[in-house]
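For reference, the chains in residue letters:
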Amino acid sequence: MSIIKVENLTKKFKDFTAVDDISFSVEKGEIFAFLGPNGAGKSTTIKMLTTLLSPTSGSLILDEHNVEKEPNGVRHSFGIVFQDPSLDDELTAYENMEIHAVLYGVAKKVRRERIKQLLEFVELWDRRDNLVKEFSGGMKRRLEIARGLLHHPKVLFLDEPTLGLDPQTRNHMWEYLSKLNKEEGITVFFTTHYIEEAERIADRIAIIDHGTIVASGTASQLKTQTETDSLEEAFLKLTGKTIRQEEVSTVDAMRMRHRAWSRK
Amino acid sequence: MNIIYILWLRQLKRYLRSKSRVFGSLAQPLFFLLALGFGFGPVFSKAGQGNYIEFLVPGIISMTIIFTSIFSGMEIIWDKQFGFLKETLVAPVSRFNIMIGRTLGGATIATMQGTLVLFLSLIAGFRPVSWGLVPIAILVMFLSSLLFTALGTAIASKLDDMQGFQMIMNFLVMPLFFLSGAIFPLDRTTILGAIASFDPLSYTVDALRHLLTNVHFFTLARDLSILSILTVVFLLVGSYFFSKVQI
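Heads up: the sequence lines are chains A and B, in that order. Read in my numbering, the first sequence has 42 at position 42, and its numbers run on one by one without any break. Read in my numbering, the second sequence has 214 at position 214, and its numbers run on one by one without any break.
Keep in mind the hints are simulated off the structure, nothing from the lab. C-beta atoms are modelled at their ideal positions from N, C-alpha and C, and glycine is treated no differently.
Label pairs and their computed distance ranges (CB to CB):
(1) B:Phe-96 x A:Leu-180: 29 to 35 angstroms
(2) B:Ile-229 x A:Lys-5: 44 to 50 angstroms
(3) B:Ser-225 x A:Ala-107: 41 to 47 angstroms
(4) B:Gln-163 x A:Asp-166: 32 to 38 angstroms
(5) B:Arg-21 x A:Asp-129: 17 to 23 angstroms
(6) A:Arg-112 x B:Val-233: 40 to 46 angstroms
(7) B:Phe-31 x A:Glu-68: 51 to 57 angstroms
Turn these sequences into a full structure, and let the hints guide you.
What follows is the structure, encoded as structure tokens:
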């Protein structure tokens, strides 16, 4: 049974088409990867699936809810770890979890217990009363994963979750995401441009480029289809070798300035 | 209700934890009060207008309120940039509640700042005409804070980065402040006096001056009804713009 069903999805920003008529589906309990170069339309697709952007055309079904028509139904069904941090730096780890629990209507009785359990799971329980701004990148990511799981979502979206993490943290993170997937049956949908990551973790991969899905299937299917020996070769064969330009958004520019001004 | 409360609490915690913000935003009104108050005081009394500090304090409180409120409303831009806004926008709650929670938080902070300035002005020799009216003055501060926080939210919903912030400060907040009669008496026979009646801050200044020093330009009833109507209007406009925010 598919938990995500996307049909003829298109997103245009003025005259630029970020996502161009894509269709795909993700099965329940699957680990699904969106693999593509910079600016391919991965994040835009995730934003549309998670109600942050409305599509120009096409339909999106998530856990039997129409994403556009019943945004609140959909919002209960998924958790998301964004590409860039979305924690409140001025609050503690525990407070960030608490706000999330209230926003998702997690009952007060279960709240405390579940927050403890999840913070222990990502090994941050001892740091629960520290302000998030004192955390390293890896710790923030772990906290975001814990937070994304707090309301027991059926689908967990991860947008480039391992960007900027060291191999140890990355490994650790995938280990417990796999565990979660096996034990709790949570569907995991992630985007990445690390090829080995998609190959090692995902049950199925869709390669996306210039807003369209150029191929999809298991890693071995992709290799057979392109008559290559490794997924990397398959990827390059499908998406070409030109280096992609990605415009610096105002957000990135701001963040750079912020870094330059902050003490650490 | 819970959602409004937790977002209100978040604003407050952020504010109280940032000591530099608390003290930093008190410094400006204090400088204005001391420099203008003691600088223009003699001229003011020579012109037969009485005690300038007494005249100035309600104006400086109003200034604190408009600056803090607009700034709090515009904090949305920071949340947009540093991601926290996304966390609230993907949650299964109405955008209206998110906006109300934030606005109440910002307005509470601005009211606290305004009240602090009122108490600090006691050091400069200010005495309210009746202590019994001070709580009502604080309510007026809260009403005005809601108004300007909602205005800040409305503007910030339309902006993508902090570049626009300076422009809003210079072309909106400063004129609102200078035209409001906060630092000089209004006069019906001048153009300035006529313009002031279109400035919402004029009504904050006037209501506070009325309640704290028993001097007024408009009537208290007019002040309060205009402030209330504008607060409702800006809350509606702000939540409409906020509901349209896409990231």
